[in-house]
Structures are given as structure tokens and as C-alpha cells.
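> Fit chain V to the given chain F structure using the hints.
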Amino acid sequence: MSKTPDLPGEVSRRTVITRAAAIGAAIPAAGLLGACAGGGTEEKKSETGNTGDAKNPFGVKDGDPLEVVIFNGGYGEKYAKDIHEPMYKAAFPKSEIKHSAPTEISTTIQPRFAGGNPPDFLNNSGAKAIDIGSLVGDGQLLTLDKLWSAPSYDDPKKTVKDTLIPGTIESGEFDGKSVQLNYVFTVYGIWYNSALFSKNSWVAPKTWDETTALFDKIKAAGITPYAYAGANAAYYQFEVILSNAAKIGGAEVLKNIDNLEDGAWQVPAIKDSLEFWAGIGAKYMDKAHEGLKHTEVQLQQNQGKVAFYPSGSWLENEQAKETPADFKYAMTLVPSKGASDKIGFTGIHATAGEPYVIPAKAKNQAGALEYMRIMLSKKGANEFVKLNGSLTSVIGSSDGATLTPGTASAKTALDAAGKDVFTFHINDWYADMNTEMKAATNALMFGHQNVAQFVERVQKAADKLKKDSSIKKNKVK
Amino acid sequence: MRHGRNPFIVGFLAAPVVLYVFFVILPYVEAFYYSFTNWRGFQKAEWVGLDNYKKMLDDDTFWKAVSHNGIILLLLPLAALVIALFFAFLLNVGGKAKAGVSQGVRGSKFYRLVFFFPQLLAVPIVAVLFQSVYRPDKSGVLNGILGWFGIEPVGWLIEPKIALLMLIAVMVWQAIGFYVVLFSAGMSSIPAEIYEAAELDGSSPATTFRRITLPLLWGNIQTAWVYLGVAAFDAFAIVDVLSNNQGGPDFSTTVLSEEIYKATSAGKYGYATTLGVALFFLTATFAVIAFTSTKRESVEY
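These protein sequence lines are chains F and V, in that order.
Following my numbering, the numbering of the first sequence begins with 1 at its first residue and continues without gaps.
Following my numbering, the numbering of the second sequence begins with 1 at its first residue and continues without gaps.
Take every hint as true, because none was put in to throw you off.
Label pairs and their calculated CB-CB ranges:
id: 1; chain 1: V; residue 1: 63; chain 2: F; residue 2: 467; range: 12 to 20 Å
id: 2; chain 1: F; residue 1: 456; chain 2: V; residue 2: 285; range: 34 to 42 Å
id: 3; chain 1: F; residue 1: 467; chain 2: V; residue 2: 281; range: 21 to 29 Å
id: 4; chain 1: F; residue 1: 155; chain 2: V; residue 2: 139; range: 50 to 58 Å
id: 5; chain 1: F; residue 1: 283; chain 2: V; residue 2: 152; range: 14 to 22 Å
id: 6; chain 1: F; residue 1: 177; chain 2: V; residue 2: 147; range: 52 to 60 Å
id: 7; chain 1: F; residue 1: 176; chain 2: V; residue 2: 11; range: 58 to 66 Å
id: 8; chain 1: F; residue 1: 468; chain 2: V; residue 2: 165; range: 32 to 40 Å
id: 9; chain 1: V; residue 1: 107; chain 2: F; residue 2: 82; range: 58 to 66 Å
id: 10; chain 1: F; residue 1: 210; chain 2: V; residue 2: 141; range: 35 to 43 Å
id: 11; chain 1: V; residue 1: 147; chain 2: F; residue 2: 210; range: 29 to 37 Å
id: 12; chain 1: V; residue 1: 165; chain 2: F; residue 2: 198; range: 45 to 53 Å
id: 13; chain 1: V; residue 1: 147; chain 2: F; residue 2: 279; range: 28 to 36 Å
Since the hints were made in silico from the structure, they are not lab data.
Just so we're clear, the structure is a prediction, and the values are computed from it rather than from any experiment.
For each residue, glycine too, the CB sits at the ideal point set by N, CA and C.
The shape of chain F in the complex, shown without the other chains:
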């Protein structure tokens, strides 16, 4: 799921409630949802075997229409319209492609799942993505195993799987089923303006001690050393806290959290990380940022009022229009506690993201699989990188592309990390954990609660979730 926070303009879809209807008006939307509830649910068996033909392994019939739904968010819809759809059209000239690009996926597409006529191909992303756990739990998605074992677009000797960065397929597995293609490779880190830093001869810190020493200098220069947007981007800060905990205690820490192991939040690695970042919050952050949004704090960084801002590698592209000419995005990683850390400084939180799925009831499943294969082709991925400035899950997709400073620094960091790549899923898998972690992170970082309270409340939420049999659980292997 893309972690881009809501844009300020993205106000609720529920609009004004007129005064006309007195009592009836107060009954919430959920009551009315029943009106369009519960469609039929037979599962259609797909007929898409591998044909053995490397050019058309899924046996797409030229002339069958293909409906593509793209989320019109951080990556826009241009990449689909200008790159992948023309490639599909070139291979199957008689097939009509029906393209749409809504900004609210669940609002527009969920009813179609319920009605049994979903689109063929769906970019299930954004703040209003359809809950993936529910889709999988109800058997609404096609498994993509055929895609992974199919010959790759450019080299019939390699399978599609061989062309992907390891971990990509696993990142799209739910409940043991591979149902989601995560196309964009996201790297997380802490972003700063390298131009400002070289002017002041500041160097991005690698350890906790260096961090506080540098933050003191930055503070003395009248700049807020560290910031995140509490109003809608608290996710970025718990990403930092968890990444730091992973460096201290190893990737096991994150795995235990994802698997809802007992006491997963009560380990020393988490507590140490929380302690350090709570200290940063108390000393080096601006209290007002708790009430500001991502875009507002980003603006302050672009204006040189904020030094460090944690986020994912989409940040530079997202801010492209607002970034002044003398602002050069660069990324550093969460600093190390010390020599006893299980993972060194170069360890990085990176994962394949931006999800694409094929509904189990899609009419043209072969076409949708082929469309994915096209996206994962050298040309399809490379053009995407050139257009959007973000890395994809395809190995070597940025070859030959001129990368922007921020993407280049993200790529350097990723290459330097080697095998020390980790990620976590807890907030993507469980919406309630996401809500609780965001609230607890703000309370900790802005001084309303202490570390012990954070650990207690988040552990409690995890325990409650574990006991709740109505929610499907996922496991990291």
C-alpha cells in the first residue's frame, strides 16, 4: 500500500448533511450499506493455463477487451496510458482497453466486487484502497503463481520470478497465497537537503551520539533539526522507530511483531529505540508539528526551516513541483545505537509496494496476467522509472535512466545494504494496529506519554487483535 498521506484536498466523501431529514439523517452510512449488500459468490475457475508459447504464455485472445483500473495518486495514470497500455495494444491490436483512473478505489470498485463484475486489472492503492485482508479472506483475488512461473517478456529462458528483486513476490503474499504484484520498490530513510548540509559542512549522522551532536548544531543555527507531520504522517515516525529497533535487535524483532508473538513489543530493542526517539522528540522537534500535515511540514523543509524528515523514496517525486532549485534531496538511514547492534548502519528498510491485483471473477484473466508481464518487462519497468523517478521491483530497471538526486541516493543506499534489507507489515495487515501505533507514536514523540505507556498500549492492542477470531491473521515465514 502506498503510504503517501492524504492530500489536504482529499476531504471525506461524505458531504453535507442537510437539516431536512431530522432523525433519519443521523443513521450512519453503515446502516444504508446494507441496501447493496451481499452479492452472489460462486468462484469461477479460471481457464488460463500456460500455453508454452513464450510470446503469449497465458493464451490471450486478440479481440477480448481488457479493463484496467489505475489509482490516480502519486504515480499518476500517465505510465499506464503512455507505456503499458500501448505495449499491450501493440501485441493485441484488436483488443479494446477500457482505462479508468479513480482516486478513491474502494468507493468506485468495491461495489463491483460485491456485484460480481469487477474490472480485469486493479491498482488497489491509496488511502481508500480496498482492504486486502477482506479481499483475500473472501477469495476475491486470483493467485499469481502462473505469472511468476511464466517465461519473462524479454528472455524466454528466465521466468518472470527470476527478473524480480528477491522478496517482491513474498511481499504480495497473504494467507499463504500470492495475490498481489508490488511493482514499485520503496526505500525508507531520513531525508535532508544536501545543498544546505554542504553549505554548513554538516554530515548526516551514523550513530546516536553523532545524531544528537549534529542536532545541537542545527538547533543553534535556528533550524528545527527533526520533524514529521503528526496530523497525518505519524506512520513515518513509527517506521523510524521500528527500523531502529530492527537494527538494534535484528529483523527478528519485526517478524515477531508481524506474527503477533506474545510480548513482541516488550523487548529491549524496541524500548531502546523508543527511548532514543522520545528524547529527540522532547529536545529537537517543534511541538506545532503534531497538528500539521505532511505537505505543510514538507513545505517548511523546502524553505530550509526543517533539517531532517523521515519518509519513503516517493518523497522527492511527490514534492517535485514545490522543491526550490537549490534544494537537493538526499537520504540517510536511521542511526546506529552502537557496536552491539545486530544490523549495521547500512541496513535498510525497503520493500516492494504499490499493489496490483487481478480479481478472481475478472472476465479477461489471461489479458490481465499478460498486462502484468508487460509491466515487468525491461522496457515497461525502465520507462516507468524514467517517467516517475521511482525504482521498480524489476532487477536493473533503473539502468540507463538519469536518476534524480533523491532516487540516486536511495539506490546507492539500497545497493550498499546488500542482504541487510528488512521490512514489516503489521500496519498494512491490520488497520486497527495502524490506528493505535499512529496515536501512540504521536503521544510519545510530542511528550504526552512515556515509553512504558507506549509499550503497554501497543502490546495490549496486539494481544486484543490476536484474540479476535473474526480477523484473518497473516504470518511472516
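Chain V alone, transformed into the frame defined by chain F:
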């Protein structure tokens, strides 16, 4: 002819009744059914009995949301009614009497228009507007004004103790215009002779208001109270768009409708409808109590 009337009436009423049953009553019934299931929005729902209700009663956030709805229910109607009545009184009879007929304060027509402005804005727009008003740093409208007096910026929406009050203030601000107009219409239909007689008897404006305006407006006030009470059970748009982290900081402003919304987006449709059923009973109970407890002899004039 008389015996032909019934089929005639039934013929006219049948269509709306069928529509109402199909589009309003049936979904309600269905919602009650779903509140006993673990429905996720796609496939057949599984019956889970009272599980959702047990979960709801165990959920701290649910109780927080209910208590916030309760606070809004106490403060919103009270504040909006008092202020709207006061303004309506000033606009209609608060000024000096001219030729024996009571008048509003000078420029009352202009004020009436201005008071109505907030009503013309969609709720989410009001919420976005107030994001700037309440901005927690010096560039916020309120904090900018405080800054002139050397007062440090206040985190209007990030201090858990005042965040909810700030949201209620916005709801009051938006509601007043409508009720000023409603009460103005009510007041202008009160015969001028009554006011004239009161004035001849030497009644002060306050006494006039208490003894004449208020009793004669009672029907309007009762309606307004129910409307505002129902609005207090909703409050979704303001909370969702304006508050920190949709109902935050740390759930200190969340309301039932916000929790329903969150449960829905988490794919917990069954649980969301359970919350919806709770909201239904709270709202319906309030409406019944409001209508029965405020029953008074209406004054004929």
C-alpha cells in the same frame, strides 16, 4: 362518493410507502442482521451471534466515542440555541421601538445575511477553513492574533483537553445562522400588539423576552433542539476532516460515526453495522425523550 375515497387515497400512498419500505426500512432491517455477522463486504456473512456486541462493550474507544457524542449533545444544542435566540431577539425586537412598533438593532438585515453565511458552506469546506484558523503555529489565524499580544501559540487541536471543545465551537459557529433565521421567522409571526402591550406595562426587554418571546417560540425551539441533538450524534464530517488524525489526538475527539467509518475502511462491515445499530438506538432514544419531555401547552394567539 365517500366509499370511493379509500381506494383513491391508497392508490396515492402505495407508491411512496413501497419506496420507503424498500429503500429505508429494508436496509435498516438488513443492517440489524449484519450486526450479528462477521461480514467483510464481499462474501456471504457468517452468523456470529452477540460477538460483535460483546466486542463493542469491551472496546475503550467505543466508550470514548459515546462519551464525546454525549458532551457534544450537551454543549452543541445549548450553545447554539442560546446564541441564536439572543441574536434573533436583537435582530427582531432588540432595537428601539419606532412609532410603537418594536424593531431590530440597526443594520439587522445585514447581520441576518452575515449570520447565514456559514450555513452556505459545505461542512468539509468549513473544516478545511478552520484548519487554518486553528493551525498550531504562528501562521494560524487564532495564534497570529494571540501573537500580537505576545502569547505563545496554542495547540488548539492537539491539546487533548481542548480539542473537542474547539470542534464543538465550529459546529456551533456553523449552526447559528440557520437557527437565527428560524427564530427570526418565528418572532416576526408574533403579533406586534403583544409587544406593544408589554411595553406599555413597563416590561424590560429581558422580561419581554422571558415572558413573551420564549413561550411563543416554544415550538420552534423544541424542533431546533431535536435537530441539533441529532446533529450531535452525527458530527462526522467536522471530526473526520478537522481533527488531528481523524478523531485524535489519541482518540480524544472521536465520535461514533467516525468509529463506524474506521471499522468500514478496515473491512469490518459486521462490526461497523453493530456500531451503527448502537448509534440508531442512541439517536432514536434521544428523539423520543426530547419530544416527550419538552411537550408543553402550545399558546394560541
